[in-house]
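Visitor: Residues per chain, in single letters:
Number of protein chains: 2
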Amino acid sequence: MTKVDDGLELASLLDEYLIAPNPENARLTRAVEGVDHSGMVTQISVVEERPLTIYLNRQEIVTAMTIGDYPDYLALGFLRNQGMLHDSDVITAIDYDEELETVVVRTEVETSYEEKLQKKTRTSGCAVGTVFGDMMEGLEGVRLPEVEVRSSWLYALAHKINRTPSLYLEAGAIHGTILCQQDRPLVYMEDVGRHNAVDKIAGWIQSTGTDVSDKILYTTGRLTSEMVIKTAMMGIPVLVSRSGFTAWGVEIAREVGLTLIGRMRGKRFICLSGEDRLLRDIDPKNAPEEHKKHRRKSSDG
Amino acid sequence: MTKVDDGLELASLLDEYLIAPNPENARLTRAVEGVDHSGMVTQISVVEERPLTIYLNRQEIVTAMTIGDYPDYLALGFLRNQGMLHDSDVITAIDYDEELETVVVRTEVETSYEEKLQKKTRTSGCAVGTVFGDMMEGLEGVRLPEVEVRSSWLYALAHKINRTPSLYLEAGAIHGTILCQQDRPLVYMEDVGRHNAVDKIAGWIQSTGTDVSDKILYTTGRLTSEMVIKTAMMGIPVLVSRSGFTAWGVEIAREVGLTLIGRMRGKRFICLSGEDRLLRDIDPKNAPEEHKKHRRKSSDG
Chain X
0 MTKVDDGLEL ASLLDEYLIA PNPENARLTR AVEGVDHSGM VTQISVVEER PLTIYLNRQE
60 IVTAMTIGDY PDYLALGFLR NQGMLHDSDV ITAIDYDEEL ETVVVRTEVE TSYEEKLQKK
120 TRTSGCAVGT VFGDMMEGLE GVRLPEVEVR SSWLYALAHK INRTPSLYLE AGAIHGTILC
180 QQDRPLVYME DVGRHNAVDK IAGWIQSTGT DVSDKILYTT GRLTSEMVIK TAMMGIPVLV
240 SRSGFTAWGV EIAREVGLTL IGRMRGKRFI CLSGEDRLLR DIDPKNAPEE HKKHRRKSSD
300 G
Chain Z
0 MTKVDDGLEL ASLLDEYLIA PNPENARLTR AVEGVDHSGM VTQISVVEER PLTIYLNRQE
60 IVTAMTIGDY PDYLALGFLR NQGMLHDSDV ITAIDYDEEL ETVVVRTEVE TSYEEKLQKK
120 TRTSGCAVGT VFGDMMEGLE GVRLPEVEVR SSWLYALAHK INRTPSLYLE AGAIHGTILC
180 QQDRPLVYME DVGRHNAVDK IAGWIQSTGT DVSDKILYTT GRLTSEMVIK TAMMGIPVLV
240 SRSGFTAWGV EIAREVGLTL IGRMRGKRFI CLSGEDRLLR DIDPKNAPEE HKKHRRKSSD
300 G
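From first to last, the protein sequence lines are chains X and Z. Position 276 (the first sequence) corresponds to 275 in numbering that gives the first Met the number 0; numbering is contiguous. Position 126 (the second sequence) corresponds to 125 in numbering that gives the first Met the number 0; numbering is contiguous.
Worth flagging that the hints you see were computed from the coordinates, not collected in a lab. Worth double-checking, as some hints may not be accurate.
Simulated coverage check for chain Z against chain X, where a stretch passes if three residues somewhere in it have a Cβ under 8 Å from a Cβ of chain X [stated by the list, open to error]:
#1 68-80
#2 220-230
#3 259-268
Here are some of the chain X residues that sit facing chain Z, going by a computed Cβ distance under 8 Å [unchecked claim]:
#4 33
#5 35
#6 37
#7 45
#8 47
#9 105
#10 279
Bear in mind that the values here come from a model prediction, so they are computed numbers and not experimental data. Here a beta-carbon is modelled for each residue, glycine too, at the ideal position from N, C-alpha and C.
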């Protein structure tokens, strides 16, 4: 049985996941030939990147650049996280056309967003600007459940996630977002844009009707306002990242009661929101070491 | 005179720039209090992130999330890189309103993009989807000038850029894009979104009428299709990054004749497009070492 370098059995690690990355999926990476610094011809594996145009019924919404897995989750999660779809909207179908590179989310009746958009387009003639506004609107009054988070879980999650075979380890230049429960990683999504990875998680949650009030979202990306807003829109009370913060991301996290932990590398991390809900139940000295080969390089950038 | 750790004089390094980062600008970072892994209360500096709504005349185009410096360059560069503004469009004013967080680019006559948008919005009612299409349209027939690039320049640039005081070194979680000529860094822009940093460079080029046919663009971000397209739209023949590639980014670079070099860290790099224009004039063994403290962490992510 394959062993991960620290002796942890890969198979038992993968058993913890409901959805793990699939680096073997030939549709997601491509071998490209180049020449390295020493002048040697070399082949490297790079991630695919495809346009996917998302429709809400007859309404064209956006063209996302994605690796192309889980287009249905991506479309559904994007529309939810942007506040364009609500619980009251009954989804009748999600139609993906690989050839046309389109995915259409269909609802029983026209959504309030479509109505608003038609009004909007009659005035300013553009929908782009509304997207951001809708996201903020959707946040009004949001208060996330107050749940305890243990530092031992965070260390265990980072340890497992960094050792999980992924497109990142295979080809780099990709972000990962993982939905977790306590010290168990459940759903690991990757994409060229970190927002896509989060939206695919949101789509999975929506499709499976999973209760996220006790979940933790771990991401390789920065804790920007967009990441914080999407996490809050999903109702997930804890957001953890290897990366840094933006001031507005921190501000929003504190407003909605999101536990926000960043710069988590090896034994180190910093909590900028929800400190009172964080239980430090393990001495960082006893936390698992981060192996150099698993450190994410700036190809995360 | 301040010394950078390798003895290179900071002042003489900064002298090379026309625009260098301004980590002292209090408007761009904020001190935030948090608690670290050991339970110690600590203050860290995080980058600001503000919405900026860009208008083309009376047409609302997009709300960008930005650190907020150079809003005029950002708006102008964005519209150029998206193919919404052309050489034929005469710009009469760029009005930034800090309070309203808006910037309006005004042209002498209505642009073809505005006309198209009004037609478009009468049909599909949304502009978002067109943005991507316009970018690809703008690329048709683009062939970049065939210029030589020397590996010694690339090593020198990385060496200088990594040592330049920046918001990244101050607060992390930010991307940098630098317009360079041979081994000299000229304009160093940073932003929370790497596309914003590139658009600010594009706006500067446009405003100053700088000839870029002999320039090199260095970025900390990944070489996605968006980065490659923007670089090509700007007419810059060489794009270099510390980070990795996407398959489509490589494909487009090869189509338009863009020299594409990535994964450049320390002595290592890989050229995936334009190898015949790359002169390896220095033995990587003699290239400057990359100091650990200057390595970009995954807070680039």
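Visitor: So, for every hint listed, does it hold in this structure?
Guide: Against the structure, the hints:
For the stretch 68-80 of chain Z, the stated coverage by chain X is violated: 0 residues have a C-beta nearer than 8 Å to a C-beta of that chain, whereas at least 3 were required. Counting residues of the stretch 220-230 of chain Z whose beta carbon lies closer than 8 Å to any beta carbon of chain X gives 6, which meets the minimum of three for the stated coverage. Counting residues of the stretch 259-268 of chain Z whose C-beta lies closer than 8 Å to any C-beta of chain X gives 5; at least three are required, and the coverage claim holds. Because the smallest distance between the Cβ of residue 33(X) and any Cβ of chain Z comes to about 4 Å, under 8 Å, the interface hint for this residue holds.
Residue-level restraint check for residue 35(X) holds (minimum Cβ-Cβ distance to chain Z is 5 Å; threshold 8 Å). Given hint, residue 37(X) at the interface with chain Z, holds; its Cβ is 6 Å from that chain's nearest Cβ, closer than 8 Å. With a cut of 8 Å, the hint placing residue 45(X) at the interface with chain Z holds, because the nearest CB-to-CB distance is about 5 Å. Taking 8 Å as the C-beta cut-off, the interface hint given for residue 47(X) holds, the closest approach to chain Z being about 5 Å.
The interface hint given for residue 105(X) is broken, as the beta carbon of that residue sits about 16 Å from the closest beta carbon of chain Z, more than 8 Å. Hint on residue 279(X) holds. Least Cβ distance to chain Z is approximately 6 Å, under the 8 Å limit.
Hint compliance for this structure: hints 1, 9 are broken, all remaining hints hold.
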